[in-house]
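Enquirer: The primary structure of each chain is shown beneath.
Protein chains: 2
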Amino acid sequence: MPTLPKAIRQLTESFEKLPGIGPKSAQRLVFYLLHTPEASLQQFADRLIALKKDVVLCEVCHNVSERSPCSICDDAARDNTLLCVVEQPLDAIALESSGTYAGTYHVLHGAIAPLNNIGPDQLYLKDVVGRLEGVSELILATNPTMEGEATALYITELVRAKAHESLRITRIGHGLPIGADIEYADSMTLKRAMEGRREL
Amino acid sequence: MPTLPKAIRQLTESFEKLPGIGPKSAQRLVFYLLHTPEASLQQFADRLIALKKDVVLCEVCHNVSERSPCSICDDAARDNTLLCVVEQPLDAIALESSGTYAGTYHVLHGAIAPLNNIGPDQLYLKDVVGRLEGVSELILATNPTMEGEATALYITELVRAKAHESLRITRIGHGLPIGADIEYADSMTLKRAMEGRREL
Numbered sequence: 001m002p003t004l005p006k007a008i009r010q011l012t013e014s015f016e017k018l019p020g021i022g023p024k025s026a027q028r029l030v031f032y033l034l035h036t037p038e039a040s041l042q043q044f045a046d047r048l049i050a051l052k053k054d055v056v057l058c059e060v061c062h063n064v065s066e067r068s069p070c071s072i073c074d075d076a077a078r079d080n081t082l083l084c085v086v087e088q089p090l091d092a093i094a095l096e097s098s099g100t101y102a103g104t105y106h107v108l109h110g111a112i113a114p115l116n117n118i119g120p121d122q123l124y125l126k127d128v129v130g131r132l133e134g135v136s137e138l139i140l141a142t143n144p145t146m147e148g149e150a151t152a153l154y155i156t157e158l159v160r161a162k163a164h165e166s167l168r169i170t171r172i173g174h175g176l177p178i179g180a181d182i183e184y185a186d187s188m189t190l191k192r193a194m195e196g197r198r199e200l
Numbered sequence: 001m002p003t004l005p006k007a008i009r010q011l012t013e014s015f016e017k018l019p020g021i022g023p024k025s026a027q028r029l030v031f032y033l034l035h036t037p038e039a040s041l042q043q044f045a046d047r048l049i050a051l052k053k054d055v056v057l058c059e060v061c062h063n064v065s066e067r068s069p070c071s072i073c074d075d076a077a078r079d080n081t082l083l084c085v086v087e088q089p090l091d092a093i094a095l096e097s098s099g100t101y102a103g104t105y106h107v108l109h110g111a112i113a114p115l116n117n118i119g120p121d122q123l124y125l126k127d128v129v130g131r132l133e134g135v136s137e138l139i140l141a142t143n144p145t146m147e148g149e150a151t152a153l154y155i156t157e158l159v160r161a162k163a164h165e166s167l168r169i170t171r172i173g174h175g176l177p178i179g180a181d182i183e184y185a186d187s188m189t190l191k192r193a194m195e196g197r198r199e200l
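Protein chains in written order, with the working numbering: chain U, 1 to 200; chain W, 1 to 200.
Quick caveat, the hints were computed from the structure, so don't treat them as lab data.
Careful, some of the hints might be misleading.
Identical copies carry no separate label here, and so any pair may be met within one copy or between two of them.
Claimed, not checked - DMTMM-like cross-link-like pairs, simulated, lysine to aspartate or glutamate; straight-line CA separation at most 25 Å: (1) 6 / 59; (2) 52 / 121; (3) 162 / 147; (4) 24 / 66.
Start from the sequences, fold in the hints, and give me the full structure.
Expert: What follows is the structure, given as structure tokens:
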């Protein structure tokens with residue numbers, strides 16, 4: 001039986017490996033690319049190769065960066081008494097664009113998820129302890145999911161045992177997001193919102 | 001404000017250009033790739049470049065192929081008295097895997113869609129006429145959509161004017177797909193299914 005040309009099948013295979021892209025979507029992407037100019041395919045290929053070459057992980061905070069230490073760790077204007085632990089580089093970017101935080105970050109690159117075989121050793125987690133000198137507050141900004149909560153708990157216990165007495169360990173606030181509707185909020189969010197109520 | 005490294009932003013941009021991939025999905029794909037080995041990124045890049053280099057359109061039927069004429073047009077065992085017009089290469093592959101057709105194909109690479117500025121001149125349509133010598137039946141297997149129907153009608157008129165008297169022009173059968181439920185079928189499909197009923 002005649003099949004599709006090998007180049008099409010192989011590229012489809014590469015796209016299929018990406019998360020959230022099934023066999024049909026992969027095929028659709030390849031047929032789309034077949035009609036794009038050769039120069040833009042070349043550019044796409046160059047950028048794929050550049051990804052690993054030009055991106056490094058900062059040796060201090062483990063965020064993605066063009067150099068190590070990264071521009072945040074290297075910035076003397078940042079408040080070094082605040083350290084914020086996040087799961088992913090994109091979480092740090094989101095906090096940066098909110099413009100409310102001027103401290104430093106620590107990027108775990110994931111959360112503890114036993115079901116996916118991700119334990120503390122698979123994350124950049126243990127060296128948080130070595131960064132606590134001079135830090136007055138450690139903010140745990142992992143996601144409010146099962147995995148994120150477990151990770152926050154693990155870090156709390158790890159740090160409590162080894163850190164100086166005066167260190168405050170805080171968890172990022174949970175509650176109703178701005179613009180949300182109490183009617184449609186889930187019960188866990190409402191429970192957290194009630195617990196986290198503040199004096200006006 | 002510190003942003004993501006340039007290599008990440010540029011690759012995200014390339015992914016965003018693909019159909020059905022928005023900014024968030026693109027970012028997710030790039031961060032996924034950041035954790036894959038360099039060799040598989042290199043392979044992905046090589047396959048992107050190979051796509052345009054190794055795939056040609058058959059000069060006879062315009063299907064995608066590794067050589068021209070393609071393996072179907074070049075196959076002496078195929079029935080050259082049957083010619084089947086399809087919109088896309090994948091349509092021809094689907095008919096091939098059904099194993100019910102042994103004739104040749106003609107791939108239009110689209111359908112007439114005035115709203116998207118696709119007229120007969122943007123398709124491999126006009127040279128169907130030149131392929132009719134020795135053909136006894138021309139099967140129009142464009143999709144049962146507005147565009148596909150318009151294309152089938154256009155080809156019928158084009159061919160009727162120029163072809164030999166004995167040429168049969170047929171349209172692929174429409175009706176209920178196997179496994180479907182009459183209760184949930186749309187009225188247009190039911191209308192076609194009633195029109196296309198056959199003696200048992």
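Enquirer: Give a verdict on every hint.
Expert: Hint by hint, here is what the structure shows:
1. 6 / 59: So residue 6 and residue 59 pass the 25 Å test across copies only (19 Å; inside, 42 Å).
2. 52 / 121: The answer is within: 23 Å in one copy meets 25 Å, while 43 Å across copies does not.
3. 162 / 147: Within one copy only: 23 Å inside, 69 Å across.
4. 24 / 66: Between copies only: 21 Å across chains, 35 Å inside a chain, cut-off 25 Å.
In summary, the structure agrees with every hint in the numbered list given earlier.
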